[in-house]
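**Q** Protein sequence lines, in the order shown, are assigned to chains A and B.
Quick note: the first sequence uses my numbering, first residue 1, plus one each step.
Quick note: the second sequence uses my numbering, first residue 1, plus one each step.
These are calculated hints, taken from the structure and not from any lab test.
From a predicted model like this one, the values you see are computed outputs, not experimental measurements.
Honestly, I wouldn't trust all of these hints.
What the simulated footprint calls covered on chain B by chain A, stretch by stretch (three residues with Cβ under 8 Å from a Cβ of chain A suffice, anywhere in the stretch; the number is not a length) [to be verified]:
#1 43-55
#2 105-115
Here are the simulated SDA-like cross-link-like pairs (lysine to any residue), alpha carbons at most 25 Å apart as the crow flies [to be verified]:
#3 A/Lys-14 / A/Arg-110
#4 B/Lys-42 / B/Lys-71
#5 B/Lys-22 / A/Glu-101
#6 B/Lys-42 / A/Val-113
#7 A/Lys-14 / A/Asn-51
#8 B/Lys-42 / A/Gly-85
#9 B/Lys-42 / A/Ser-87
#10 B/Lys-71 / A/Gln-41
#11 B/Lys-22 / B/Ile-48
#12 B/Lys-42 / A/Thr-102
#13 A/Lys-57 / A/Gly-98
#14 B/Lys-57 / A/Lys-14
#15 B/Lys-42 / A/Leu-39
#16 B/Lys-71 / B/Glu-15
#17 B/Lys-57 / A/Ser-97
#18 A/Lys-11 / B/Gln-38
#19 B/Lys-58 / B/Gly-1
#20 B/Lys-71 / B/Ile-48
#21 B/Lys-22 / A/Thr-38
Ideal placement from N, C-alpha and C gives every residue a C-beta, glycine not left out.
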Amino acid sequence: DTGVSQDPRHKITKRGQNVTFRCDPISEHNRLYWYRQTLGQGPEFLTYFQNEAQLEKSRLLSDRFSAERPKGSFSTLEIQRTEQGDSAMYLCASSYSGGGETQYFGPGTRLLVL
Amino acid sequence: GENVEQHPSTLSVQEGDSAVIKCTYSDSASNYFPWYKQELGKRPQLIIDIRSNVGEKKDQRIAVTLNKTAKHFSLHITETQPEDSAVYFCAAPDDRTGTASKLTFGTGTRLQVTL
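Generate coordinates for the entire structure from the input sequences, incorporating the hints supplied.
**A** If you want it as structure tokens, here you go:
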């Protein structure tokens with residue numbers, strides 16, 4: 001499969017629990033992005049990596065959020081002490097910096113915090 | 001940072017008619033403008049994009065126009081079909097990062113094509 005994949009596709013958790021999501025980008029892509037999308041809105045940028053370096057973080061990304069891309073391939077996004085306001089679709093995208101910056105999105109992880 | 005505004009928020013057209021969605025952006029340094037289509041419960045999919053060195057780009061029934069002076073770009077869909085029904089998002093990069101990476105999205109246009 002040559003597309004961006006994400007796991008899990010759905011996650012239901014109780015407030016206060018920690019959750020972790022995984023994203024596998026298109027294999028030759030060196031850039032990986034995380035976005036959050038709430039109902040009726042466009043995706044909002046959270047953070048991005050070039051290879052293993054995290055180059056930018058949005059102010060939306062509170063200290064409860066952490067993202068890693070340890071080997072420059074897959075990435076994880078962890079949310080600690082989840083709150084009901086964290087309920088959203090978390091989208092991952094990838095691109096190749098030498099290929100015109102086109103970002104291709106994964107199917108997303110839908111998080112529901114009860 | 002970049003600010004993107006998108007209009008209209010909803011658009012209903014009859015099958016076979018044309019649809020036009022408009023976006024404005026704030027950062028004159030932006031040079032890449034993608035359009036994504038998102039069907040219910042699915043991922044955003046790139047349908048067309050344009051770079052600042054061209055004013056118009058076409059791909060079959062879809063076209064995008066760009067006016068750098070006015071800082072707006074538009075999506076045109078001709079001969080609409082029911083499968084065109086979806087939410088469409090425009091986007092622009094925050095080029096202050098120097099890498100044209102972070103995308104700022106519009107609020108979306110829900111297009112409904114009726115028979």
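**Q** For each hint, tell me whether it holds in the structure or not.
**A** To see whether the hints hold, each was checked on the structure:
With 6 residues having a beta carbon nearer than 8 Å to a beta carbon of chain A, the segment 43-55 of chain B meets the requirement of three or more and the stated coverage holds. Taking a C-beta to C-beta cut-off of 8 Å, the segment 105-115 of chain B contributes 4 residues in contact with chain A, enough for the three needed, and the coverage statement holds. For a cut-off of 25 Å, the pair hint linking A/Lys-14 to A/Arg-110 stands: about 14 Å separates their Cα positions. A distance of roughly 30 Å separates the Cα atoms of B/Lys-42 and B/Lys-71; the hinted pair therefore is violated under the 25 Å criterion.
Proposed proximity of B/Lys-22 and A/Glu-101 is supported: the alpha carbons are some 22 Å apart, at most 25 Å. Proximity of B/Lys-42 to A/Val-113 is assessed by CA-CA distance (about 20 Å); at most 25 Å being required, the pair is judged to hold. Distance restraint check for A/Lys-14 and A/Asn-51: the Cα-Cα separation of roughly 33 Å exceeds the 25 Å cut-off, and the hinted pair is therefore not satisfied. Between B/Lys-42 and A/Gly-85 the alpha-carbon distance is near 22 Å, which keeps this suggested pair within the 25 Å criterion.
For a cut-off of 25 Å, the pair hint linking B/Lys-42 to A/Ser-87 stands: about 17 Å separates their Cα positions. A hinted pair counts as satisfied when its Cα atoms are at most 25 Å apart, and B/Lys-71 with A/Gln-41 qualifies at roughly 22 Å. In summary, the hint linking B/Lys-22 to B/Ile-48 is supported, as the alpha carbons are separated by about 14 Å, within the 25 Å threshold. Pair hint B/Lys-42 plus A/Thr-102 holds up; C-alpha atoms about 18 Å apart against a cutoff of 25 Å.
Proximity of A/Lys-57 to A/Gly-98 is assessed by CA-CA distance (about 22 Å); at most 25 Å being required, the pair is judged to hold. The straight-line distance between the Cα atoms of B/Lys-57 and A/Lys-14 is roughly 47 Å, outside the 25 Å bound, and the hint therefore fails. With a C-alpha separation of about 13 Å, the suggested pair B/Lys-42 and A/Leu-39 falls inside the 25 Å cut-off, and the hint holds. Only pairs whose Cα atoms come within 25 Å are accepted, and B/Lys-71 paired with B/Glu-15 is rejected, the gap being roughly 30 Å.
With a CA separation close to 22 Å, the supplied pair B/Lys-57 and A/Ser-97 stays within the 25 Å bound. Note on A/Lys-11 and B/Gln-38: the hinted pairing holds, with a Cα-Cα distance of about 21 Å set against a maximum of 25 Å. Among the hinted pairs, B/Lys-58 with B/Gly-1 is inconsistent with the structure: their alpha-carbon atoms are about 29 Å apart, more than 25 Å. The straight-line distance between the Cα atoms of B/Lys-71 and B/Ile-48 is roughly 18 Å, inside the 25 Å bound, and the hint therefore holds.
For the hint linking B/Lys-22 to A/Thr-38, the alpha-carbon distance of about 22 Å falls within 25 Å, and the restraint holds.
Hint compliance for this structure: hints 4, 7, 14, 16, 19 are broken, all remaining hints hold.
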